[in-house]
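Peer 1: Listed below are the residues making up each chain.
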Amino acid sequence: MAEELFIQGNEACAKGALKAGCRFFAGYPITPSTEVAESLARELPKVGGAFVQMEDEIASAGAIIGGSWGGSKSMTATSGPGFSLMQENIGYAFISETPIVIVNVQRGSPSTGQPTMTSQSDMMQARWGSHGDYEPIVLSPSSVQELFDFTIRAFNLAEEFRTPVFIMTDEVIGHMREKIIIDDDKIEIVPRKRPEDKENYLPFKNVENGTNPMPSFGDGFNVHVTGLTHDERGYPDTNNPKTHTDFIERLCNKIINNKGKICSVKSKYCDDADIIVISYGSPVRSVGTAVEQAREEGLKAGYIKIDTPWPFPDKEVKELTKNTKSVLVAEMNLGQMFYEIDRVVDVECSLIGKIGGELHKPSEILSKIEELGGK
Amino acid sequence: MRTEVRIAGFGGQGVIMAGIILGKSASLFDEKNAVQTQSYGPEARGGASKCEVVISDEEINYPKLEHPDILVAMSHEALIKYIVDMKDNGILILDSRNIDESEIEDFVKEHNITVYRAPATETAINDIGLKIVANIVMVGAITKITGVISKEAAIKAVESSVPKGTEEKNLAAFEAGFNLI
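Residue numbers (this note's numbering), protein chains in the order written: chain F, 1 to 375; chain B, 1 to 181.
Just chain F, same shape as in the assembly (with noise of 0.2 Å):
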């Protein structure tokens, strides 16, 4: 039977978790995101999971590598600051290829900025942040019931392929309350795949798909776990250019060619609009009712939200932005996505960029819309 509840997107995003399976949590509580923390430690114990209050954002990203070795489905919640404090352990779960997800409730940023403000600008900082060539999958949700939804997923992709899924999220949709629907037979959950065979077992083998199976420590499969460029093994091989390619094109290309399976957008009115406003995350809620406004004047407006920034949705943007004249991008940054977006599409693409902590007003974005789309 499906459930409903009023309830906010942190606390949404803690049930998704558990739902999900996960039952190691390692965090250190910081604002916007504390609830995610706080609904975890009250529950987990209640299912045989384990939370950790860890010294800082760095043990955190730790913890959680060593949670998801040891076998458990594991995550940890943050903001900005210690989301820059784990970037070292992200590319090592990058390289030791170790699913693990972290959710990012982003604030007014950089340093310590606003705490209690919302904000978009860790974006390509869940992109880049760490040093080297890596494909991470970012999830924004624009509801609590999408946070929800989203972190379940969160987890499937990091069981799928192996490796750390962000949920870039923010001080707006994690604070907020709306109802979600829980409904168990609706909800898929990707189990951990576990080597069998002993004996022929290589735990970082260049498979065709590029994503091995994972044993935990203790099962007696002798796997060595590093962040130095390895060979099939696990054995660092460092000095040779074949290994470290041949490595690093796998853990990308298990990324990009499966493209198709991850990204995911939506849209509306985009068949006849000749200005496409694009967002993700809370903007989304602002520009949908810009362009629901702008319709009801008169002009042909149209929205694709982007649940998933990375990998980027390209084929998808392209598509849906083909017969358009003009793209408007709305983020809550000085320009960060825009100049992925700007790459994509054809025409000429212009920005709505807010800093200071606030959610875009919808009359900002149809002041926009009505400039650019020849009011």
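Hints are not guaranteed to be accurate.
As a list, the in silico DSS-like pairs of lysine-lysine whose alpha-carbon atoms are at most 30 Å apart [claimed, not checked]:
1. 268/F - 179/F
2. 315/F - 259/F
3. 19/F - 156/B
4. 87/B - 109/B
5. 361/F - 81/B
6. 19/F - 186/F
7. 19/F - 109/B
8. 315/F - 266/F
9. 325/F - 300/F
10. 186/F - 198/F
11. 169/B - 179/F
12. 361/F - 87/B
13. 368/F - 164/B
14. 46/F - 164/B
15. 179/F - 87/B
Over 10 Å on every C-beta distance to chain F, these chain B residues come out as not near it, computed from the model [claimed, not checked]:
16. 96
17. 126
18. 144
Simulated coverage check for chain F against chain B, where a stretch passes if three residues somewhere in it have a Cβ under 8 Å from a Cβ of chain B [to be verified]:
19. 15-29
20. 355-363
Rather than coming from a laboratory, the hints here were simulated on the basis of the structure.
Every residue, glycine too, gets a C-beta built ideally from N, C-alpha and C.
Using the hints, position chain B against chain F.
Peer 2: Below, chain B alone, put in the same frame as chain F:
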């Protein structure tokens, strides 16, 4: 139809809980949609605190308030701080014991605001014997005055939101508020 409600007072009066109950009533028990947001910061620990709820028959895109149709003021400071955004012809509900109306007379006239006086704090103290339930008294008054949520839904939301063991006192507070007007 989209209705924007702002409930404001000082930290500790339970204005956030009052807003959650409105949102819960509308979205879980009245088959409408609702979004609740709240002030989050130092003001939530003493100064003016506010809770905002959007209730609509249709899907709610923009989750914040632009111009409240309904303002509920539980303190004088909150009234003065938040009345300026009100929509013309809006409804203003005052916890009258806590408020001096002389400062807002001109605004009320100019914007054709309908004012209701619901002495929630006084009622909570005198009728229930608990000042702490003033917010639930106010939920009763809001339900009766605005009709933005149904009485049945409100009762279910109160029952499922208050701490276990306090349901009876809180339902009595709701009834007292409902009968104030």
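Peer 1: Please go over all the hints and tell whether each is borne out by the structure.
Peer 2: A quick look at each hint next to the structure:
no. : hint          : in the structure
1   : 268/F - 179/F : holds, 23 Å
2   : 315/F - 259/F : holds, 9 Å
3   : 19/F - 156/B  : holds, 27 Å
4   : 87/B - 109/B  : holds, 13 Å
5   : 361/F - 81/B  : holds, 20 Å
6   : 19/F - 186/F  : holds, 12 Å
7   : 19/F - 109/B  : violated, 54 Å
8   : 315/F - 266/F : holds, 13 Å
9   : 325/F - 300/F : holds, 10 Å
10  : 186/F - 198/F : violated, 35 Å
11  : 169/B - 179/F : holds, 27 Å
12  : 361/F - 87/B  : holds, 17 Å
13  : 368/F - 164/B : violated, 50 Å
14  : 46/F - 164/B  : holds, 20 Å
15  : 179/F - 87/B  : holds, 26 Å
16  : 96            : holds, 29 Å
17  : 126           : holds, 31 Å
18  : 144           : holds, 22 Å
19  : 15-29         : violated (count 0)
20  : 355-363       : holds (count 4)
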